[in-house]
Amino acid sequence: MNRLYALLLVVIAAAAALCVYLPLHLLRPMEPQTAGEVAAAYAAARWSPLVTLVLLGAGAVLLALIWKRSSWWLRAPAALLVAVIAVTSYAARLNPFLRFFAPLAENRFVSVAEAGLEDEDMVLGVVVDGEARAYPVGLLAYHHVVNDAIAGEPLVVTY
Amino acid sequence: MWKAAVDGQVLHFELAGINNQNFIMRDAETGSWWQQVTGEAIQGPLKGRRLELVPWDEVSFALWRRERPDSRVLRADARYAEHYAAADWDQDMDRYPTVVPPPPGDPLPPRELVVGVEIGGEAKAYPFAVLAERSPVVDELGGVPLLVVVGEDGKSVRCFDRRVDGEALDFYRLPGLAPLRLVDARTASEWDFAGRALAGPLAGRELARVRTLKDYWFDWRLYHPQTRLYAAGLSSPGD
Numbered sequence: 000m001n002r003l004y005a006l007l008l009v010v011i012a013a014a015a016a017l018c019v020y021l022p023l024h025l026l027r028p029m030e031p032q033t034a035g036e037v038a039a040a041y042a043a044a045r046w047s048p049l050v051t052l053v054l055l056g057a058g059a060v061l062l063a064l065i066w067k068r069s070s071w072w073l074r075a076p077a078a079l080l081v082a083v084i085a086v087t088s089y090a091a092r093l094n095p096f097l098r099f100f101a102p103l104a105e106n107r108f109v110s111v112a113e114a115g116l117e118d119e120d121m122v123l124g125v126v127v128d129g130e131a132r133a134y135p136v137g138l139l140a141y142h143h144v145v146n147d148a149i150a151g152e153p154l155v156v157t158y
Numbered sequence: 000m001w002k003a004a005v006d007g008q009v010l011h012f013e014l015a016g017i018n019n020q021n022f023i024m025r026d027a028e029t030g031s032w033w034q035q036v037t038g039e040a041i042q043g044p045l046k047g048r049r050l051e052l053v054p055w056d057e058v059s060f061a062l063w064r065r066e067r068p069d070s071r072v073l074r075a076d077a078r079y080a081e082h083y084a085a086a087d088w089d090q091d092m093d094r095y096p097t098v099v100p101p102p103p104g105d106p107l108p109p110r111e112l113v114v115g116v117e118i119g120g121e122a123k124a125y126p127f128a129v130l131a132e133r134s135p136v137v138d139e140l141g142g143v144p145l146l147v148v149v150g151e152d153g154k155s156v157r158c159f160d161r162r163v164d165g166e167a168l169d170f171y172r173l174p175g176l177a178p179l180r181l182v183d184a185r186t187a188s189e190w191d192f193a194g195r196a197l198a199g200p201l202a203g204r205e206l207a208r209v210r211t212l213k214d215y216w217f218d219w220r221l222y223h224p225q226t227r228l229y230a231a232g233l234s235s236p237g238d
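Heads up: the sequence lines are chains V and E, in that order.
Per numbering that gives the first Met the number 0, the first sequence starts with residue 0, numbered consecutively.
Per numbering that gives the first Met the number 0, the second sequence starts with residue 0, numbered consecutively.
So that you can see chain V by itself, here it is in the shape it has in the complex:
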């Protein structure tokens, strides 16, 4: 029985890890994507927080069962596997892209005189209701997404 529980625990840990790894694998920047792969990546990213949590619960139950009827040589690796599932469940709640391209914590605007830009720097310029704003491309090429509002109009600046 212990062997079965241990096997199940291995399968659960592998499933949890796969669930978190799948979107990263499918959306590698230097590989092409098909529409099906994007759909699979979305499904994995969408459900991995819940799925890994359920798997963590199942893993904890299995660990308890193993714990009762075995010695340390099985308890230790079983506990390690449950720890792995816990880590995947945590990782499923992170967005790795935001580690490479951090969003702006807050949008702060200055006048053109204080902008500190060179003449040849490119900007995305926009006018909403007579209110003009410029978003330097050098910043956008890193942050990629800036959520903003001009004259009460919510907009998202992307590059």
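Everything labelled a hint here was simulated from the structure, so no lab data went into it.
Footprint (simulated), chain E over chain V, 3 or more residues, beta carbon under 8 Å:
#: 1; stretch: 32–41
#: 2; stretch: 100–111
#: 3; stretch: 114–120
#: 4; stretch: 131–141
#: 5; stretch: 150–158
Not everything, but these chain E residues come out facing chain V in the computed CB check (under 7 Å):
#: 6; residue: Asp56
#: 7; residue: Ser59
#: 8; residue: Trp63
#: 9; residue: Ser70
#: 10; residue: Val99
The beta carbon of each residue, even a glycine, is placed where N, CA and C say it ideally should be.
We have chain V; now place chain E onto it with these hints.
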């Protein structure tokens, strides 16, 4: 640049992935995934919806400052200073391979910068290098007579509907002037880079802007498979 709302619900976006080297963003409110270049939701509850485009200009800071001295400018965050790109960063991008295989006989390198125009269901790409050499370019797309102009900074590009009172005008550049001045062949009125007639019979008139997208050739072609290519003198798929 997009209006960040669908059916009155305000959306907040963050990066969520990469799809053929164009990024996917996720909205925090519904978790839907959106393709950056098209503004279309490709996965999730809002799949199939499109964000409404906010017309913007991609121009040099010098030009924007001259036209809009009242503009506010998004300030850099010192914490990310090392990540910010220099003015010539897009030249560095040439080194990165693309992942979408080019069709045989592709007339342009995948990372060639083009200015894309989509109008009346037709799409056309103007290689930036060709525009820089020949600006102003007069053309027609989707039944609309177009004027594509590169600013005196050699970097900013704008596109206009070159009709005034229903009649298409031809434009030439007055040499050696900065800021740039154009003149139309019919009335000899003088026009600036914002598409406004400053002097002559048409003074006070303004050409309607046509939206452009500066993009890599591979990306523009991926989302506009039927695109034509402006390249007189070069072979091109649709012309």
